[in-house]
Amino acid sequence: MTPQVLMDGLVAGAMIGLGAIGITLTYSILRFSNFSHGEFLSWGAYLVLAVASGLGYLAGGPAGPIGPFSFGWTLPVALVAGIALTAGLALVVDALLFGPLRHRGSAVIILVMASFGVALTLRSLLEFVFTSKPVYFTDALQIARPLGFGLRATPDQLLALGLAAVLVVAIHLLMTRTAIGRSMRAVSENRQLAGIAGIDVRMVIRTVWIFGAGLACVAGVMSGLLVQIRPQMGLDLLLPLFAAAILGGIGSVPGAMIAGLIVGLAEAMTVQLVGAEWRAAVAFVILVAILLLRPRGLFGRPE
Amino acid sequence: MIDLLSYGAFFLSVALTYAVISLGLNVQWGQTGLFNVGIAGFVAVGAYVSALLTTPEAADHLGGFGLPIAAGWLGAALATGFVTLLVGALTIRLRSDYLAIATFGAAVAIHLCILNLQSVTGGPFGIGFIPRAFAGLADRPLAFSLANLALLAAVVLALYLALEHLARSPWGRVLRAIREDEPAALALGKSAVRFRLQAFALGGAIMGLAGAAQAHFIGYIAPDNYQPILTFQVWAMLIVGGSGNNRGAILGALVVWGIWALSASAVASLFPPEQQARAASLQIVMIGLALCAILLWRPRGILGEARILSRHVLRPTSPVAPSPSTTSET
Amino acid sequence: MRPAADAGTVLATRALVSGYERDLPIVRGVDMAVRKGEFLLLLGPNGAGKSTLVKTIAGLVPVHSGAVLHQGADVTAMEPHLRVRHGVAFVPQTENVFTTMTIHENLLVAAQVLPKDRRAGRIADLCAMFPDLARLKALRAGQLSGGQRQMLAVARALIVEPSVLILDEPSAGLAPKVVQEVFANLKAINAAGVTTVLVEQNVKAALAIADRAIVLVEGEVRLEGDARALGDDAVMAELYLGSRHRKAEARP
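Protein chains in written order, with this note's numbering: chain A, -5 to 297; chain B, 6 to 335; chain C, 2 to 253.
Just chain A, same shape as in the assembly (with noise of 0.2 Å):
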């Protein structure tokens, strides 16, 4: 097993972690696993690619790449718009459905089925619009820089995983000493204390989909930068995401991104010693072992 496999299973799971850390929040504060959460990953590198291309097409043409990075400056000016249009789109699917839903009381049952036909939806519409075909950031070749110890990777790469620790950290600084994350985990406890103890939930509820969306966007533009852009990305994702949220411990933001990295690992270790085919079967082994041994994960309250 050759020292690049780590290299390989970190920016896997980076991008799995950010997808997780979305997951885990929505489902600790929201209550329900949303089918739906691999779409706004899809949609977002999508969205992005679409603000990236007008963008360069108002500019008079494609802009060079910044610096040793493969992309040019419309691209983080695209991902900026595309975390607001990303966010955006998950307020408007709670609001007409999700939101309709949980006020009169559905069963959780109705909510997850509610997010399987969206999820279906979605990405029916991205198949629509954009075809099944591969499409991508940039054309621009990337050449991967030793950086030691056997490790080879790209600045693209080192990039993403710079922008994964320091909103990993971000979120968790905002969850532990801010207002607004105090709001978060105490409607995440009980709903019904948090109102009555002045917490305005449903402002809550939209600032966990701004967020778990935004992320959504960042981890899809990163995989649709290292990888490629289709419809399927986040359907592909999602089985990871779920794995590595639950194995984190459902409400813990470091703990998804840990179990992000742990699967993103396993992942890859499993490409270089059984193939590549069986990659999809290691998000399932490792969710079927946690809910056997440890169904609260590693970082979960117990239930």
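Please keep in mind that the hints were generated in silico from the structure rather than gathered at the bench.
As the structure is a prediction and not an experimental result, all values here were calculated from the model.
By construction, the Cβ of each residue, glycine as well, lies at the ideal position given by its N, Cα and C atoms.
One should not assume that every hint holds.
[What the hints assert, rightly or not] Restraint-style ranges between C-beta atoms, simulated for each label pair:
id, chain 1, residue 1, chain 2, residue 2, range
1, C, A129, A, L0, 14 to 24 Å
2, C, A16, A, A78, 42 to 52 Å
3, C, D24, B, D8, 51 to 61 Å
4, A, E271, B, A282, 49 to 59 Å
5, C, R86, B, A94, 48 to 58 Å
6, A, A270, B, V125, 11 to 21 Å
7, A, A78, B, I7, 51 to 61 Å
8, A, E271, B, G13, 33 to 43 Å
[As the list claims (entries may be wrong)] Take a look, some chain A residues computed to stay more than 10 Å from chain B by CB distance:
id, residue
9, L114
10, T125
11, Y130
12, A134
13, R139
14, V163
15, T201
16, A237
17, L281
18, P289
Given chain A's structure and the hints, the job is docking chains B and C onto it.
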């Protein structure tokens, strides 16, 4: 005219195979309250087992047993029941949405096995030349179609009667007791887990049977036939028809399959031949929206009992007490 | 008895009908008023609807008909967190603190309702009022004893300087000595000027600290009056202590 009849028979036959899957799902969900999001995987197991048992020797996959079709179907039901039992043993104690994730994962794993174990299953190329019932009538298309239709209708009818009988039997009554008032049932010494597992496996076996029926009807199967969209279709059928209700399961299958086929041809006619993939995507978008609309406005479907859903409806969890004008009727 | 809807009424309900389910009202037409500064006790047998009534006032139970008025304003349709800002503080019977958060964080959460510059000061005030809590500030609420949790729940409610403090059976599950402390605390808080509404099963002890009491039976007001007088009332004795006692009480 003959063509129309033939097509009608074909359409109905496929709808009936879906009805069988729906009946299986109803055992799991309607009677037992288990949320299975991995239906496609179980149907696939049934299809492949039956195909492997009955197809002649082939170079690219396991085979050569050449067993009769009935044996294939029986094997499919048993094998799928067994696989469902395994999955259930791992997951049945989980809360409902963890069960959903786990069954979803199981379907992904099954799909992966089918795709990768090429020497056994033929991999992405699938398995062809699956023997069809009434093959002797192949030269008279109408008779062939009608014979197959009759066979499937008989299967659905037999299954319906058996399941209705089962629901009223002591076993069925214990299951209902567990569903309605678990602590009381447990006090009587009934192991809830054991009964739920049995119901789960039974539902799975029925799904496997449907997979086999589909395989032999079409004559060819491939991993691509068993994607999440199949799971979604069957759930849509059960929801539209009315969950918790065997008649609802059958009705839902016919209605949703009808809508699916109609919308497919309607949308396809709007697009040029080279854009057919796009047309299919648009069709799914419309169906997805329709399902969400149904969940929002009439979650109990056409024939569903309000009680089933109201059993699942929790006390309103929103901090704002719903205004008196919104009722909790489902 | 018509409630006095004058300027001194802090909280009132008018023909209030409420319940979790549309076709099952638990509170069946309650008229009541709480005067500024008073200590009102809500009594009644199990299932009478006392808990449901106060939860309705807090905004947690759907109203079928009637109104909840707070300081003259109709708050019937107001969301719970807005009622808190309006000045209605509610301490539920169970799950009344955030067990995964520290005492300090529990207080911080409650203080978020106040303008920024007042938060620290108010928390300091409450730490002075409850020195035990101040001492254990960094502990997670889940690690506290029953009595300490009750204290924290009350402190949390008081942070917003409410115009009315409502408590649902704060003595439930607590040892008698602790119950005495809790009641003494509540009396002191009321004496300092906080209008208090208390739902209690512990009738005798509660009547001793209250000004006025209302007895609910099957969702309706059955009795109302001065706390001390009700303590001697024959009907009360019948409701709570059984006819044996009634005969004993009926001495000349």
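These are the hints, each one checked on the structure:
Taking the beta carbon of each, A129 of chain C and L0 of chain A are about 55 Å apart, not inside 14 to 24 Å as hinted. Checked against the hint of 42 to 52 Å, the C-beta distance between A16 of chain C and A78 of chain A comes to roughly 48 Å, which is consistent with it. One distance hint, 51 to 61 Å for the beta-carbon pair D24 of chain C and D8 of chain B, holds here, with the actual separation near 55 Å. Checked against the given bound of 49 to 59 Å, the beta carbons of E271 of chain A and A282 of chain B, roughly 24 Å apart, lie outside it.
Here the CB-CB span from R86 of chain C to A94 of chain B is close to 52 Å, well matched to the stated 48 to 58 Å. The beta-carbon spacing between A270 of chain A and V125 of chain B, approximately 19 Å, falls within the hinted interval of 11 to 21 Å. Checked against the hint of 51 to 61 Å, the C-beta distance between A78 of chain A and I7 of chain B comes to roughly 59 Å, which is consistent with it. A beta carbon spacing of about 41 Å between E271 of chain A and G13 of chain B agrees with the range 33 to 43 Å that was offered as a hint.
Interface exclusion of L114 of chain A from chain B breaks down, the closest Cβ pair being 4 Å apart, not more than 10 Å. For T125 of chain A, the shortest C-beta to C-beta distance to chain B comes to about 6 Å, within the 10 Å cut-off, and the non-interface label is violated. With a closest Cβ-Cβ approach of about 20 Å to chain B, Y130 of chain A is found to remain outside the 10 Å limit, as its non-interface label requires. Residue placement check: A134 of chain A keeps its beta carbon more than 10 Å from all beta carbons of chain B (closest about 29 Å).
Every CB of chain B lies more than 10 Å from the CB of R139 of chain A, the least distance being 34 Å, so the non-interface label holds. Listed as a non-interface residue, V163 of chain A keeps its Cβ farther than 10 Å from every Cβ of chain B; the least gap is roughly 28 Å. Distance check on T201 of chain A: its Cβ is at least 15 Å (rounded) from any Cβ of chain B, clearing the 10 Å threshold; non-interface status holds. Not every beta carbon of chain B lies more than 10 Å from that of A237 of chain A, the smallest distance being close to 8 Å; the non-interface claim is violated.
Distance to chain B contradicts L281 of chain A as a non-interface residue, since its nearest Cβ pair spans about 5 Å, not more than 10 Å. Non-interface status of P289 of chain A relative to chain B is broken: a Cβ of that chain comes within 10 Å, the nearest being about 7 Å off.
Comparing the model with each earlier hint shows violations of hints 1, 4, 9, 10, 16, 17 and 18; every other hint is respected.
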